[in-house]
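Novice: Those protein sequences? They're chains A and B, same order as listed.
For the first sequence, the working numbering gives the first residue as 1, with consecutive numbering after it.
For the second sequence, the working numbering gives the first residue as 1, with consecutive numbering after it.
No lab work stands behind these hints: they were computed from the structure.
By construction, the Cβ of each residue, glycine as well, lies at the ideal position given by its N, Cα and C atoms.
Among the clues, some could well be false.
Some chain B residues close to chain A (C-beta under 8 Å, calculated; not the full set) [as the list claims (entries may be wrong)]:
hint : residue
1    : Val250
2    : Asp325
3    : Val327
4    : Ala364
5    : Gly424
6    : Tyr425
Covered by chain B, according to a simulated footprint, are these stretches of chain A (three or more residues, beta-carbon under 8 Å) [claimed, not checked]:
hint : region
7    : 169-176
8    : 316-328
9    : 386-398
Each computed DSSO-like pair below joins lysine-lysine, with the alpha-carbon atoms no more than 30 Å apart [what the hints assert, rightly or not]:
hint : chain 1 : residue 1 : chain 2 : residue 2
10   : A       : Lys306    : B       : Lys258
11   : A       : Lys258    : B       : Lys381
12   : B       : Lys258    : A       : Lys452
13   : B       : Lys452    : B       : Lys428
14   : B       : Lys258    : A       : Lys381
Number of protein chains: 2
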Amino acid sequence: MAYVFPDLSRLIAPQSVAVIGASDRAHSVGCEALKNLSQHSDFTGEIYPINPKRDTILGLKAYPDMASLPKGDVDVAMVCVPADRVLGALRDAADAGTHFAVVFTSGFAETGEEGKLIEAEMHAISQTSGMRIYGPNVPGLSNINRRIGLTFSPVFKDDKMGGKIGLVTQGGGLGRSFIQASERNIGIGLWASTGNESDLQLGDFVHYMAQDPDISVIAVLAESLRDGPRFLAAAQAAAKAGKPIIAMKVGQSEYGVKATQSHTAAMAGSAAVTSALFRQHGIVEVNDIDELIDTAALFVRAGIRKRNGICVYSFSGGTGALAADMVGAAGLTLSDFAPQTVTALKALAPSYAAVENPVDLTTAVFTVEDMNRNCLELVAKDPDTDIVLLPTPANYGGITDLSAADVIALSGGDTLFVPVWMAGYDAKGYRALNEAGVNPFHSLGKAAKAMKRLIWRGNWQAGDTPDDRVVAALPKGALDEAAAKLFLDGAGIATPRGGVATNASEAVEQADAIGYPVVLKALVPGLLHKTEAGGVAIGLADAAAVRTAWSAMTAQLATQEITLERGLIEQMVAQTGTECVIGLHDDPAFGPVLSFGLGGIFVEAIGDVTYRSVPIGPAEAARMIDDIRGHALLGPLRGRKGADKAALADVLVAVSKLGTQGQIAELDLNPVLAGPDRVVALDALIVRAENEE
Amino acid sequence: MAYVFPDLSRLIAPQSVAVIGASDRAHSVGCEALKNLSQHSDFTGEIYPINPKRDTILGLKAYPDMASLPKGDVDVAMVCVPADRVLGALRDAADAGTHFAVVFTSGFAETGEEGKLIEAEMHAISQTSGMRIYGPNVPGLSNINRRIGLTFSPVFKDDKMGGKIGLVTQGGGLGRSFIQASERNIGIGLWASTGNESDLQLGDFVHYMAQDPDISVIAVLAESLRDGPRFLAAAQAAAKAGKPIIAMKVGQSEYGVKATQSHTAAMAGSAAVTSALFRQHGIVEVNDIDELIDTAALFVRAGIRKRNGICVYSFSGGTGALAADMVGAAGLTLSDFAPQTVTALKALAPSYAAVENPVDLTTAVFTVEDMNRNCLELVAKDPDTDIVLLPTPANYGGITDLSAADVIALSGGDTLFVPVWMAGYDAKGYRALNEAGVNPFHSLGKAAKAMKRLIWRGNWQAGDTPDDRVVAALPKGALDEAAAKLFLDGAGIATPRGGVATNASEAVEQADAIGYPVVLKALVPGLLHKTEAGGVAIGLADAAAVRTAWSAMTAQLATQEITLERGLIEQMVAQTGTECVIGLHDDPAFGPVLSFGLGGIFVEAIGDVTYRSVPIGPAEAARMIDDIRGHALLGPLRGRKGADKAALADVLVAVSKLGTQGQIAELDLNPVLAGPDRVVALDALIVRAENEE
């Protein structure tokens, strides 16, 4: 699906702004918003306070309503009126040809059904008029780089830093948490906080930032994704623009899902689906606010490029050992020094220093002028070293001041320096690193996670798309297992040879044609648990067995008041291979989502499943297979041949194509038997999409 | 095994100290150590500088050697001489009747084989003389509570804070990292840094701290555990004394293992074994230095008690939702407010506040005097609430100052307050919390992890011990599968009915007695992979089949130049149940260790195994079974009956007893078939301990 994203330029950097409900009453929303724009912003455009009871507000000429403005189509109207007057204000603004409305007021969808209806009305106003709405329930929009504040936040006046990070949140508090990283010289250039998203959403701002030359890294803190595919489309635009997205998604647990629903009135979506689709689309997922901040800051410095080898460089042996340990525990790689690096280090470093990676030069390295800087330069130049991890266990005064100065002096080259300052923050060295923009991490574990994400993103590639095979329409009529399998066969997904019979003799005819042994399965509308109901007979070795099974099944089903009118006779597939589960479901956040996991008790016991948005090509399908924890079970194991992974990937590609047509609400292939020679869907369930009936 | 721990009182708080190699040369070890004791400590005992070339040093009378001291048995001799003179100094000190020697000097085991030999010699001196040695390669021993520094650290003079935490490390840098948490008012009372541990080890200091009334929480940073059982015995003493141990163990990855070996010259041990045994013994394991510090500080405040329900209390809806999310993601429980709590909160709080858990009172709660404090008091009093988690997203000036003051005012009662301060550290409220000793966490994720550990430790119970059944001695002679199984049967571990045959006729006799079908397994010394060699025949249905199998196996083995002289005939156990693996191995760090996991391809694909020190009782065995990730596979699943877990636990208890006798180097029961009615070891391998031959 191709998305058209709105041009938000006139919202982000407006030339004219009306303030509906402007006020001179201190601490009121209408007063703070007007003050932020007129007194605390570098805003040179027109400001129109709207208040029928005043002639001037805060020294600015006021207007009774939007219709009275000298110029009709203002860029932005900030709506600061109580909840019961918001719809009226929006209609007035829309009628006056306003381009964007910002609605600070809260008390809508987050309070219940009535509020949801009012928001639907807001949406309708936007749809009809073309005026786009930002809100309701937003703390504001802060264009810090250009110093324009469309916000009622009393602390906006202090948000002066600016920077390369674009921040998109839904609520205010967590965004402010990020903004205060300015204390460490980490700057946000633009902060959008989309609140209840009656119209404009997270994805719209991500897309805007992808085009904004002042922004190089996009940080997202999502409580919910109202339109997942739209968000992913925006993410694709960011990836194309070479800008990493660092995202945190609330909703890892039931508590979070519930709390989020009551906070922003939206479904949080499944964490497992979100994580898998984020990975698929190159979005760097983090698990905490400090990780969001520090990882975004790291990406601003580091950009996106392929990296691998890490050198641990320290003056404390234990700290270096721990750092190396964490590099390994994160699945990262210590660089393998070239002989010339080791030789040069040996010639330069103290005699008892460890010059292999991890490098431990001991504090003696600081007793000779420039010795530390020269050694650091050597490891930075090592051909296998892409990143130098610099753990500082504590403030050692002069030693760590010097160490920080050396890191700063050598930063900015091809090799990335990642300092970690573990304690003793009241230190000149720590402050110097932050001032120089080489922000130290505060824990080794978090630094390792951030490097892992950086390296992962540097190696990420956009997924491929499948060939443009045409997907047939679902057959009319009942979609029983036989019909589903016939349809799947046509879509290139192998199922056992089979045929339908309406009595025992037909069953035998089918079995004779297929070849023994066969399986008999009852085809009964609405009968989902065939095995439990006695509707499956396996291993039927000859015609007599088929007849017996038909009679026995007829009798067994009859006890449940079910008539066996049709049965599916199938080749009995020899059970060699690994049972997998492949499915499509209609995800509340992301629409049609493809799933893959190991079948049988494996998936039930450890829930090892991964997901993709559809469609995917064979390379992405191969990545999907490798994503599951138990993927070794598909490889050769204990002398058993591995599954045909290419054929398995083909099935995933074919199923993903089926998910693009909007005709399937749910598809379950469980199990799919992935053997060394073929991959066969042994059972199949397809549920037609409701609008496709 | 019962351990006798040394009484370290005279080392920790000595009355007389000699400084061998005392010097007045600035920055030398001998000068810094003497200065720290004579000028920067509150030390009232005798100080004896030892230096044959000086009459006085730093104003103190010097002595030429230990033999010249006026009083013979000084408590401690600090050894500050170069490596090549350390052994001589130690001999002198021992000859003079010194109780403890502290060896700062480095350049021993960490540099290679020669150094290891010298350390062995140190150990011998200690063993012969009774003088205990602390070191070599230690930065010192800081008794901060009593202000006695046996250390050459130039920053000891600033380590004035003291506190309830005892810290045991091996190296110096990471310990210093912890000490600098004093910046946040987190105080260490006693810091031991055991270096190369030629004699005294981590465990000795843990044991000392368990008895030290000034210490309430023991923090351990271990690069290696030279004597794991000794450490566990010390941990048992700490548990008995009601003092939690918070421990971090380097060696999660191969890199860490390797780096640690070159740093402290000891094996790091397996991370999986360490983690499982730490859990078993109530040791709270953490994964990073900041977690070690913050978790120890939390335990100082919180003590050990049963807790469960967590209330999230915030003035920011998004922050509260995220906090609730993290509570759930950590597997923790939000408290279920009593009706009276909700009613009282409703009556008190702002009208649009969320008074269910997570509580979001909005910033309006700070506009009415005492409203926040009163609301906070209400949730603290809620009967289901044991912990109140207080996330502050950022510094909001007056609001967060007030919020911090309220937390401080109400702290110290039955309900534990856990504040989290996520950004904006240049804040009065943040400083006030630290000053009051209610140290805020810096990230929600870390706070959730710490609460999880606190709650886990509060619920932990020491493992039970098995009944005092007598374990028989291993039989003399070859320990082939038949002998091993006979021995296991005697130890209460069921194996299939079976018997040994030396020819086909005997095999048939055995089979007739056992009942068909049977299995035939070759008993060939040294043949480990029987199946691959053709030494196993299963499903032998009658006498003829047994005869045929014997002949075929004889022929098959002959092609490999193996003579089939003996065979084991066994009942063929019907394959219902779950395959498990149970074993004993001689762990380099912990000695005999019991392992349990799911068998077959499961363990190979996902390595799902857990461990215990031996012996264990049935309750601990039940916990062990529940520890593995795939434990659901042992329960009822898909209509299949679950395994007999009590019988499985019995097998674990019996195997653990076998591990206590020192007669077994390795034991592998693979697979053990755990069925609903019985648990049978289908295959068994026992390797005799070398000294038991």
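Novice: Hint by hint, which ones does the structure fall short of?
Specialist: 4
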